[in-house]
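K.L.:
If you want the building blocks of each chain, they are given just below.
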Amino acid sequence: MTRAACARAPRAGWTASSLERIIINGSQGRSEGAKVRAARGFSPGSGQRGVSNAHSGADAADLLLTSAAPPSEAASGAGILLLADGSRYSGNLFGADVAGEGELVFTTGMTGFQESLTDPSFAGQVLTFTWPLLGNYGVAAGISESASVWPRGVVCREWTDHPDHRHSIGSVHDFLLAHDIPGITTVDTRSVTLRVREHGTLLCVFGPVEQETALRSRLERMSAPDLDDLVAEVSRDQAVLLNEGALGADGEPLPRIAALDCGIKYNILRELCKRFEVLWAPPDIGWDELTDAWRIDALFCSNGPGDPAHSGQAKSARKTLAVALECDMPTMGICLGHQLLGLANGLETYKLRYGHRGANQPVVDLRTGKVDITSQNHGFAVCPRDEPPLAAHPDWESEGPPTALFDAATEVRFVNANDRTVEGLDVIGKEAFSVQYHPEASPGPHDAAPLFERFEKMVENHLAGALPLNLREVT
Amino acid sequence: MPRRDDLQRIMILGSGPIRIGQGAEFDFSGSQACRALRADGFEVILVNSNPATIQNDPEMADCIYIEPLLPDTVRRILEIERPDALLAGMGGQTALNIASALSHDGTLDELEVELIGCDLVAIDSAEDRDLFKKVCESIDLPVPRALACDSIESVLAAAEEIGDFPLLVRPAFTLGGLGGGTAWNTHELVEIASQGILYSQIGQVLIEESILGWQEHEYEVMRDAADNCIIVCTMENIDPMGVHTGESVVVAPQQTLSDRDHQMLRDAALKLIRRLDIKGGCNVQFAVEQSTGEFAVIEVNPRVSRSSALASKATGYPIARIAALIAVGYTLDELPNPITGEGTTAAFEPTLDYCVVKIPRWPFDKFRTADRRIGTSMKSTGEVMAIGRTFEEAFRKAWASLEYGCPHPRPLTLGDTSEGEGMGARAHTSLPDDILTEWLAVPTDRRMGALMEAFRRGWTVEKVREITKITRWFLHKFERMAKMELEVVAAGKGGLLPAEISADDMSRWKSAGFTDANIADALAGFQPEGYHRLPDERGEAEVMRCRHQHRIHPVYRMVDSCAAEFAAVTPYYYATYEPGAPVGIDHVPHARRQSADGEAARRLVVIGSGPIRIGQGIEFDYGCVHAVQAIREAGQEAIIINNNPETVSTDFDTSDRLYFEPLTLESVCEVLLRETADGILLQFGGQTAINLALPLDARLAHLSELGLELKIEGTSADAVDEASDRERFEEFCKRVGLRMPRGQTGRTPQEVRKAVLDIGYPVLVRPSYVLGGRGMEILTDDAQLDSYMEEAYLEPDKPLLIDEYLRNAIELDVDAVCDGEEVLIGAIMEHIEEAGIHSGDSTCFIPPQHVGQFIQSEVRDWTERIGVGLGIKGCFNIQFAICEDTLYVLEVNPRGSRTFPFVAKSTGIPLARIAARVAIGARLADLDIPEATTGLVCVKAPVFPFLKLRGLDPAPGPEMKSTGEVMGSAPDAAQAYLKARLATEIPVPTSGGVYLTVKDGDKQQLAAIASQLLELGFNLHATPGTAHALREHGLEVEIAYRIAEKQHPDALDLMREGRIQLVVNTPSRSGGAVRDGNMMRRLAVELNIPFVTTMSGARMEVEAIGAAQKGTPEPQRLQVSYL
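Which chain is which? The protein sequence lines are A and B, in order. Counting from 1, one number per residue, gives the positions in the first sequence under the working numbering. Counting from 476, one number per residue, gives the positions in the second sequence under the working numbering.
One chain only, chain A, in its complex shape (with noise of 0.2 Å):
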């Protein structure tokens, strides 16, 4: 099907009244009241109480809502995968027709491709999905965790041309072809992912059959993306107030928080937006600058790509973070700001094997004994203090230790019930915590939201009553 495909497939969502065509087949036959959603952008602050000017930032499917011709041409034919240790699969292509580079890594969600596809913790590495039929159910408007797709090349087994979902608005070659990603489909996907499983994450190209050797000295001549200041690529560069002026459900000022993006999923914005007024920040905004011109009562640390020993961006966040712990201020990190929240107090990071992708991963409250089952993308992992990684393939590739900016105790309060890594610290005599793990799931279990509300009470508490501080006079 795939060749077929490809060459028909391309422009079918690109004019307004080709996509109602779209719409309106996905819906055929279906009950009058069914309503189409194609809610474009993101604006988690929009229609929350008190705010009038909620920010509005892009979606990465308004893409397949809009006109604009792609930026490549469609892909199509005979392609083949190349891996650095010289293995080689073949596959046709799809998306857009460019060539695919990256660190080769899976992900064993059976659900949410779209939303892994956004998340820019996967920014440098070509994706496989271990999930053999992918995108079955389409791609939706206002559903993305970014404004763009991360992955520099899909991998997959099978992919579908005819989604079938009342909020399909494309398939997973239309979203890649809008953002000139190219993937390779018709692959073995099982035999990659026992090959990364086998020799830990590798470097990989793949394109056209055709010029296999073009491609294989583009392998030999690449260097790990991780080298790059991946988290300079994928965060803003302007901060901003994303629900200015949001009240809580009693009438209350929120208190208003930094999100430091490091490559921040939508989904944990629209969370801290549910309790805090959010400061939507670049990950070196710098410490002077949130206290003194945005008068924050409380710092969060996104998920990112890449090393979190990396001396670009992650390093000022991780400054930052060490600055708030200092001041006592509530702080929560949740991947990537988990790595940098251990850095900044000492610990050390290394690279796991091939990483924990998906949705199933279960982690235990080492406080309470109860699992959660959580969804998790990183390739990265905090060492406990004084004891080498736990992981189950100790490949130790670390920076060295860095210098501890802040050195406050840690308490290892969750860890992997399989493999025994740590999935979560809590920073002792503070109010601050850290996890490995995704609480806010998309794609993924539900199971570990509560965290959110645990950090929510700690700046409860730590307000104990008073007004935010951008609200307290200055004195």
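Among the hints, erroneous ones may be present.
As the list claims (entries may be wrong) - Covered stretches of chain A, going by a simulated chain B footprint (3 or more residues, C-beta under 8 Å): (1) 147-157; (2) 373-385.
What the hints assert, rightly or not - Simulated pairs of lysine-lysine, DSS-like, Cα-Cα distance not exceeding 27 Å: (3) B:Lys958 to B:Lys938; (4) B:Lys1273 to A:Lys274; (5) A:Lys370 to B:Lys746; (6) A:Lys274 to A:Lys457; (7) B:Lys1229 to B:Lys1186; (8) B:Lys944 to B:Lys958; (9) A:Lys457 to A:Lys370; (10) B:Lys746 to A:Lys457; (11) B:Lys1521 to B:Lys1585.
What the hints assert, rightly or not - Okay, the calculated beta carbon distance ranges per label pair: (12) B:Val1044 to A:Glu453: 50 to 60 Å; (13) B:Arg478 to A:Arg367: 39 to 49 Å; (14) A:Arg295 to B:Arg749: 57 to 67 Å; (15) B:Arg513 to A:Arg420: 43 to 53 Å; (16) A:Ile428 to B:Gly816: 52 to 62 Å; (17) B:Val1044 to A:Arg295: 52 to 62 Å; (18) B:Gly688 to A:Arg49: 34 to 44 Å.
Keep in mind the hints are simulated off the structure, nothing from the lab. Positions of the beta carbon are idealized from the N, C-alpha and C atoms, including for glycine.
Please arrange chain B on chain A, whose structure you already have, making use of the hints.
P.N.:
What follows is chain B alone, placed relative to chain A:
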């Protein structure tokens, strides 16, 4: 939470006989529970009335009761054994109902037995439809609008209130949706609801707004006492709401829900299991309106179920084992993940990198008159599961596993409108569009084939969607399958022969799931004569040969529950054709195990028995499991191939390696090549496996070219043929001097008529090489012959067998093992019913009750001569008849039979295990064979599906109808029979009225029975003819009208008035009595009134009644041991 050290002795309840709605899945779950608990140091007491299960094998539990699963019996066993706890969640609805009864009447409290693994409040809130609705509402989960009713008046009022038809009727506390249905008008509503109220244990039905056409999704949930919850598996039904999930074609994991949709249902499922406080496994069903995203909770099963067996096999996660350990206190994170081993925990959610398809197996190929429509109550007897990397591959593999006679979908013709077998001339006419539309619109077993056909004809997805309401995603897949099929057909029209298929096409077709047979058939343009009659150069073997020349073989993938993220230890595989460069045979990567004597172990493959169906039940799975055990005991590697997700044989730790594959010649050959197998055992998987003997034998030369030197272990293919081929067997009997009823073979109508003329009426006719006596009938005159011939399916390689019918003969079954020189007889069994009633449907005794020593020694002698003479190596079964003190041999089955487990549990001789040892080379003289246990009379009784299958005459005959069996044993025959009868769960009356109506030939014998019944205090009713005959003997009997007379009271009135507790009716083959009898038996089935259809049966029934009047028989521990 730690293990419960306060518990030592735990009683586990099984589910009893295999029935529609309650199949082998509970043998699987019960066996897992037994193993898990005993391995953890608990003492296990097991109760199950079904002799054919693995769970009540002597080694499985510390003590075993093969006793009726009735509250009274279980209470008595509790008194005897005084266990600390009762685990009821492993035995389906049967076990839950007993647990519920014993708890409500105070027995459990009084005996200080704790109910573990499920609690009654949870059961009640899940099963009581009204309570369940309230529970859902209390946690803001939507449910369809519904009202609980306990009378027809309230049903009508409810219909008024809810409004529009159709309305759904759901009875509370029943099995497999029994008594439920969809009503399209008031008349149907009254009819369905009155049955529903009758079948419901608490006399309650729910009248529910219909959500027909919504999608149906299932979630398998696990929870422990620490409130850790996981979803083991999600499943999506292809058939929209309105078809019972057990009757639906199901895909795992779900395919068409977005992550948001899925998380919404996941949250709802977890909320429910927490609210119901279920600890263990549970299944939640949802309906989803795809176009709006609305959903509703349909129901919860607060226990392991058929769906959880499917989920276990689909993911590799052993739900029952983990549920049993949760019941004794463990939490999920304390248990290692049994699939990935140490270092991972059971507290995780399996993720799949393949697609699973389950298709139910219906009995309509045998029950041609039964109503084929499927709906909210179950009719299927079993199911198959298949795994592939794409939906198409999995679906086609599942189809190939069904064994309806064609391993792939073919274009539909008028021939398909009969019983699914090619019908000669009618197969040349394509199925008319209007019939096709009907087959799409009304769910039956034919629906999936109709979907293929519609797209073959170029119907659009939207048109088919309009008719079926099936989710478009699936329809697109069917459309794609049809397109590829048309592509193959076109290539064939262009003159492509199998030998010329290019590597590229072959690879594409194979990875879309096409079997070699399908490719051959399609290239040949689907000839009306069928795919197996193609000339050699166009045949299936030629496709395989070409494929192998291209080095295209399947690769084998592990079912590891984690999509390869972790190294797994489960030796559980499926085959798939990955696209890309061909790689040749995907050999098993590791070296052979060393056997005890230092030599490399031999790899021996056991062929399973496929889906449970009439004539091939759980007994054959039992045989396969024993064969595997024997092979492993002998130090060799045992490999199993099977496709039935309900069974113990497909548990991943039963064998050294499990292949979940269709049992077609192609799939089997590929596994053999992968394993470089040394031998294959075909005698344990019933007719499915033995039917492979000849075709496999013919393919051995080809396999040898690929380097595989395979031996068919045990009885040779030629000996199998000699035993099964009528003419060759007759020759054999002549040669060794054994008597057979006179018989002939007919290949054409002329030959058949001539044979009948030679032999003389009555004759027994049947097709050769069939299962369970399909198509077998006793004919007494030309008119019957004519109508039989009209439907008969004659082909040169499928002749009809015509035999002299022995009147009033005693039938015997013998199960034995032969090593080529010596014969071990497991037991001689005497049937109550005369020869002519299918042996699988008869009640039989060990030891024989009416057969003298002389004939018994003749039976032994003949058995030895047959075993040695045919060169049997392994097991065999012989049916004998004694007519006027003369012994006849009726047939020999060169394989294990359905009575092997019954014999093993009656005598303590594990025949199947011994047979397997012999088949792989041991001599009987070298084996330790236990002495047969004596002193008890053991009875096996059949259980029938009449209640579930309307349109089926509820009377045993030459064609098998039963789904399962039960066993009773006691020091005397009457007690043993009574136990078996009680175990069938049809009441044994101790007082009241008996209705008698027998054919003329039986009237004389009836007098003695009638007078005994009078002595036992019953009053008698009879039709005028029968009454007259009895009055001649001075017996007091009331006359009722014959039903055909249309005057009242007739038998039906008396039955409805509750005045009849037993019906004795021997079916007459003439006139109005046929219809009368049928109606009466039908009503008896529906009112749960016992009836007997033979005089010998009536005599035994009277003895059982006599025994029952003396009180409930005392339960006894199973006394046998295989050691």
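K.L.:
If you test the structure against every hint from before, which numbers come out violated?
P.N.:
Violated: hints 1, 2, 4, 7, 11, 12, 13, 14, 15 and 16.
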